[in-house]
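Undergrad: Residue numbers (the numbering used here), protein chains in the order written: chain A, 1 to 332; chain B, 1 to 332; chain C, 1 to 350; chain D, 1 to 350.
Rather than coming from a laboratory, the hints here were simulated on the basis of the structure.
Warning: the hint list may mix true and false statements.
Straight-line C-alpha distance at most 27 Å; calculated BS3-like pairs for lysine-lysine [claimed, not checked]:
id	chain 1	residue 1	chain 2	residue 2
1	C	K210	C	K191
2	D	K191	C	K202
3	C	K29	C	K210
4	D	K191	C	K191
5	B	K181	B	K253
6	B	K253	B	K226
7	D	K29	D	K210
8	C	K202	C	K29
9	C	K191	D	K316
From the derived model, a few chain A residues whose C-beta atoms are all more than 12 Å from chain B [as the list claims (entries may be wrong)]:
id	residue
10	E20
11	A100
12	A225
13	T249
In this text the structure is predicted, and so the values were computed from the model without any measurement.
Where a beta carbon is used, it is the ideal one built from N, C-alpha and C, also for glycine.
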Amino acid sequence: MAQEMLYWQALNRAMDIEMEEDDSVFVLGEDVGLYGGSYRVTDGLYAKYGEWRVRDTPISEGGFTGVGVGAALVGMRPIVEIMTINFAMLALDSIVNGAAKISLMSGGQFPVGLVVRVPGGAAHQLAAQHAQRLEQMFMNVPGLRIAVPSTPQDAYWQLRQAIASDEPIVVLEHELLYFVKGMVDIVAEPPPMHRAAVRRPGKDLTIVSYSRMALLAQEAAAELAKEGIDAEVIDLRSLKPIDWDTCATSINKTHRLLVVEEDCRFAGAGAEMLASLTERCFFSFDAPPQRLAGLDIPTPYNGALEAASIPRVADIVDAARTLCKPAQKAAE
Amino acid sequence: MAQEMLYWQALNRAMDIEMEEDDSVFVLGEDVGLYGGSYRVTDGLYAKYGEWRVRDTPISEGGFTGVGVGAALVGMRPIVEIMTINFAMLALDSIVNGAAKISLMSGGQFPVGLVVRVPGGAAHQLAAQHAQRLEQMFMNVPGLRIAVPSTPQDAYWQLRQAIASDEPIVVLEHELLYFVKGMVDIVAEPPPMHRAAVRRPGKDLTIVSYSRMALLAQEAAAELAKEGIDAEVIDLRSLKPIDWDTCATSINKTHRLLVVEEDCRFAGAGAEMLASLTERCFFSFDAPPQRLAGLDIPTPYNGALEAASIPRVADIVDAARTLCKPAQKAAE
Amino acid sequence: MERETMHRLLRDMLLARVFEERAAEEYTKRNIAGFLHLYPGEEAVAAGVLNAASPADYIVSTYREHAHALVRGVPPGKVMAELFGRADGMSGGMGGSMHMFDRERRFMGGYAIVGESCPIGVGIAYSIAMRALPEAVICFFGDGAVNQGAFHEALNMAGLWHLPILFVCENNHYAIGTEVHRHSAVPELYKRVAAYNIPAEKIDGMDVLKVYDATRHALARIRRGGGPQFIECETYRYRGHSMADPDSYRPAVELKAYQAHDPLSAAIRNLEFRYPSPEELAAAGPDGISRLAQHMVDAGHVHEAEVEALKNDVQKIVDDAVQFAAASPPPTMDAAWRALNCNRHQEVLI
Amino acid sequence: MERETMHRLLRDMLLARVFEERAAEEYTKRNIAGFLHLYPGEEAVAAGVLNAASPADYIVSTYREHAHALVRGVPPGKVMAELFGRADGMSGGMGGSMHMFDRERRFMGGYAIVGESCPIGVGIAYSIAMRALPEAVICFFGDGAVNQGAFHEALNMAGLWHLPILFVCENNHYAIGTEVHRHSAVPELYKRVAAYNIPAEKIDGMDVLKVYDATRHALARIRRGGGPQFIECETYRYRGHSMADPDSYRPAVELKAYQAHDPLSAAIRNLEFRYPSPEELAAAGPDGISRLAQHMVDAGHVHEAEVEALKNDVQKIVDDAVQFAAASPPPTMDAAWRALNCNRHQEVLI
Ligand SMILES: Cc1ncc(C[n+]2csc(CCOP(=O)(O)OP(=O)(O)O)c2C)c(N)n1
Ligand SMILES: Cc1ncc(C[n+]2csc(CCOP(=O)(O)OP(=O)(O)O)c2C)c(N)n1
Ligand SMILES: [Mg+2]
Ligand SMILES: [Mg+2]
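Next comes chain A alone, as it looks inside the complex:
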């Protein structure tokens, strides 16, 4: 049943199927309709479902995300596309003070089944205002869930799960993943949306990562294998909640942890990973757990500086090597 698809096509397919099955599903955002989506993700849906179900909005992120919240309150299943995460700050109030809090504030009367799709990440010299990784902005918000698919299959599964769910869910897509290819089985039973995936088993260290960095971590693991370092690579798939059990199981085996994130290091997403896993697995560690993250600088436009400001495969290899060194020494 599996077929090869690009990541954006998998997202497109997920929406198409859900829209076909449930007429309360609708999409809204800038240029999602007639234009077909600035990253093509909503391609073809406007022609198929018409303007009320694929709604081109004015440039009003705060407003149209609030529209999504209102629609969710009456049982619709809106999918809000925020063109990129760089504009999501304008919609943050609608998400945090609206979507995430209404279930509690209403004493449980109103679930808010809102999906917010947001591409992000550094991608080809888009400069400081267009190269942000703001996952941490949503992580501290109780009441939200966050999915971070790194493969076409996960993109398909997690977006379908998000649409079908009655929870407010942010789906963080990565601009550099849209044209990544992968096999997608459209009928297979998916794992729970928040279950982490062990992408590569290994015994020497655990690399915990997500989104595009999970792919880089796998590349790095292949490099490391050549040097005799056997890394286990975990792709979190979900940033809220985080599947700690899968991580802890791995750490109890490898005794080493490297967290890799594209986010700026200081108070980025990785801080929670390192903190929680330390609280939980402290006695398992043979070496201090480490983060590898983006530099604490707004992304410069210049290509070489941009590249140097977020982790590259070689950086992951280096960090893993350093992390494993003391033990190798100890073994000598």
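Following the hints, position chains B, C and D with the ligands against chain A.
TA: Frame of chain A; chains B, C and D with the ligands shown alone:
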């Protein structure tokens, strides 16, 4: 020279002195002028400096914070008051995409000497939309500084330092601290704005905290002392940057770390503290470092539930006791 | 107009007034905490607008929404219990004064971020339009909200997509301490709405019959496919912005302005709070409640004695509401988690 | 009008056109990356507005700002070097196409969050007003920006406080792929500004003389204390929204709409992209540049040969700019840290 003042009076004094000395300093925000500030912090300034330097704004947080950014670009020293942190999400774009990035984006041509004052924290049943602690929202933003004064003296010092600085600085005040009294020396030389303070020396464990929780930590330390547990209490005073050296020195002495924050636990401010100090002090720890934090729930209105949702003195005492237990056992 | 309707309007206004004054009392007794924004003075708006609505319409409101909930038919005991933070409150004690919800009555919540009610209302209206239902949304907000970006973004979408929503601006002249001409470049707020191709009019918000009529007509236009409508109700709050606003600041500030030896003091004097003196209030005529009562007496619809009886009824209702609230248990932390997790049908994930 | 001014306007427009077409070429050669939003078709706006400004005025712009920088007098080599991401670029290679700054020329930056230029411009105008200086701010934004909350919040404050700022709406009819009547409830954008008590007019943005005159008058009104002013310049971009927008989508989408067997296809046809065909463009008359050139030739201000010479001059300037850019070294990471930390005078804290 020291005189007793309330926390809000210390802030008021700091602004008054800076405004007197430098006519490029001005204040803007909702009800800061004629009304005197919703927490009285700008009391008297309107009568003294007039409407252009103490500007009442419409309810337009995004807009008037952007006005502050524009003014800072031409060398003014605007102090933007956002009435409470709950509305700061509306201004986040102006702070993150504007204030924090312009120095880099302009290649160093335009420093942005903007001060954003924001009260926050849970205070007397204000319910989910008015009881937020969003410090983590600013922490991941490169280019910003964050001051979190917990005493009238620090409020006075740090606000003056922030106004005089050419950096974009967020001053997070706590709604429950405004009426706390303390001695303020208005002429003494202040420590650097980001220097942490050891509020109480101790040898058994290090409690790292900030803002109102730093006061609770001191109360807890007094309790703990009665049980023979000697806690060192560090008040960070600054959340960005964080004075790691002061923390590390303490941990190397006590070998135990408890981070106490009012923020929701998951991906809150404490995550960075625990993560960085683990990376740095891993081998010093005799027990897994721990966080004590707010529950991951929007604040319920009911008073008892609200109280239970953020750390209380007794919770800190319990957490510290538990953290110290294994060692005491070991010593037995 | 029918006697029954007028009677109902009068009763609703009286109930709102007595309820709110009692809430103030319970606040000073510490039975109520948090921010408490009261409605006295503005009753004609809630009563006039909501009596013209149908049960199938949706209501979206602000933090000053107790009267909206009462007029909409929420049992006063449930409103008071929410203020008390109790399990039987409208929002189970989780929301408090500023966040009252009632799914059954399509009371879609009180929102405390100024301007936020507008996009939420537009989202509900969008859903109605998509389904081509005969329903409408009534969206309340204050004069201060018209300066928020969210307001404009919402109105533009409503106008652009021709949605079934009635925007009701409760213009009580102040956003906390800032008078309307000090916060809006065009102080005639309804005029600003021309920017969105939405018909807008200004109503005397102290006259419940005018509010009722204007609302009926606006809702009729919406149901005929006329798209969004806007009414600005000019009204006045008799109390401070909230119970945390001790009202005493007004003369104090004035005094300070007069005493200042600053060259700006004259300007400040010009800008001084226009809070009316008792004389001015009297000159401005009676408030919405006494005006309607007088009208009904004059028209022979009721006797003075009937008005008195109504007042007594309402008093009893409010007393009962307080008793109900006081008797209701506090919610448990478990209830809070269950409320939050209604989104996920209580599924435990981690 | 003086011959010199017209000459200058023509030269600026030609320079902007040739520069942008060359930037497109360099982008396809991968010497430029990121989002590249080009200006061809809209030259009359930048040239007309900025030639009417004084050196003491401040300019705030968007991500489509190369032409603004050029007309303001930034050396073309520095503009091109910024596109190349080099150390000698306007922003030292840190900002790129969307974030060009020049402190000396009071060019206060290109901002890429739609609407963001407005509050920043208002903040500068506020500072000018506070100091009672004879300066003004010129604030550019597109038709799409008028739907952002930030725009409204900014205009309200400008109107309320009577600030010295000229808002210039570059209405090129599209916000990426969304035509103006599909994004604004009132498509005559200048009419929306009445909500802020700001005088507003619509100008033919393809006629540089009209833009120049309107701007001169508006700035004169501002300097006479007339408060904020607004001009909407109707214009058109000949290229796609950015280089990432391959332009090919337009017929493809149309085709799809025609082919769809959906009942909505007729509606879609009505909404189809109004990108003009070559015939339509021809019918609409010549663009701003050829129109002015023709006007000058007709009026005897220049000969055809002079226009040709000007084109050659401009071509040479742009060639030189590319050479300058290509020869400039890339910035170092240390330079990036220094740029960021200009705020703290390079002090090392931790
Ligand atoms: C976005 C936002 N900013 C500030 C506040 C604080 N605040 C609460 S009510 C209020 C005034 C609102 O005035 P108005 O809209 O006229 O309503 P009213 O209270 O007069 O009914 C303000 C500034 C808020 N709740 N939300
Ligand atoms: C807040 C925000 N939302 C979305 C975008 C993505 N975006 C970039 S340009 C643009 C269209 C802007 O159109 P307009 O204002 O008409 O300017 P033009 O590009 O036509 O000059 C959009 C939606 C953005 N940069 N900022
Ligand atoms: Mg008001
Ligand atoms: Mg445009």
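Undergrad: At 12 Å, judged by beta carbons, does A/E20 keep clear of chain B as stated?
TA: Label holds. Min Cβ-Cβ 35 Å, cutoff 12 Å.
Undergrad: Does B/K253 pair with B/K226 here, judged by a C-alpha cut-off of 27 Å?
TA: holds, 21 Å
Undergrad: Can you confirm whether the C-alpha distance between C/K29 and C/K210 stays at or below 27 Å?
TA: violated, 37 Å
Undergrad: Going straight from one Cα to the other, do D/K191 and C/K202 come out at no more than 27 Å?
TA: Answer holds: D/K191 to C/K202 is near 21 Å, not above 27 Å.
Undergrad: Run the distance test for D/K29 versus D/K210: straight-line Cα separation, threshold 27 Å.
TA: With a Cα-Cα distance of about 37 Å, the restraint between D/K29 and D/K210 is violated, given a limit of 27 Å.
Undergrad: Need the status of pair C/K210, C/K191: alpha-carbon distance at most 27 Å?
TA: holds, 19 Å
Undergrad: Check the non-interface label on A/A225: least C-beta distance to chain B beyond 12 Å or not.
TA: Given a closest Cβ separation of 26 Å, the condition holds.
Undergrad: Just want to verify: A/A100 was marked as not at the interface with chain B; is every Cβ pair farther apart than 12 Å?
TA: violated, 7 Å
Undergrad: Does B/K253 sit within 27 Å of B/K181, going by the straight-line distance between their CA atoms?
TA: At roughly 32 Å apart (the allowed maximum being 27 Å), B/K253 and B/K181 break the hint.
Undergrad: Measure nothing beyond the straight line between the CA atoms of C/K202 and C/K29; if it is 27 Å or shorter, mark the hint as holding.
TA: Violated - the C-alpha atoms of C/K29 and C/K202 are around 39 Å apart, more than 27 Å.
Undergrad: Verify the proposed pairing of C/K191 with D/K316, using a straight-line Cα cut of 27 Å.
TA: violated, 54 Å
Undergrad: Holds or violated: D/K191 and C/K191, Cα atoms, limit 27 Å.
TA: holds, 12 Å
In terms of the numbered hints stated before, the structure departs from hints 3, 5, 7, 8, 9 and 11, listed from lowest to highest.
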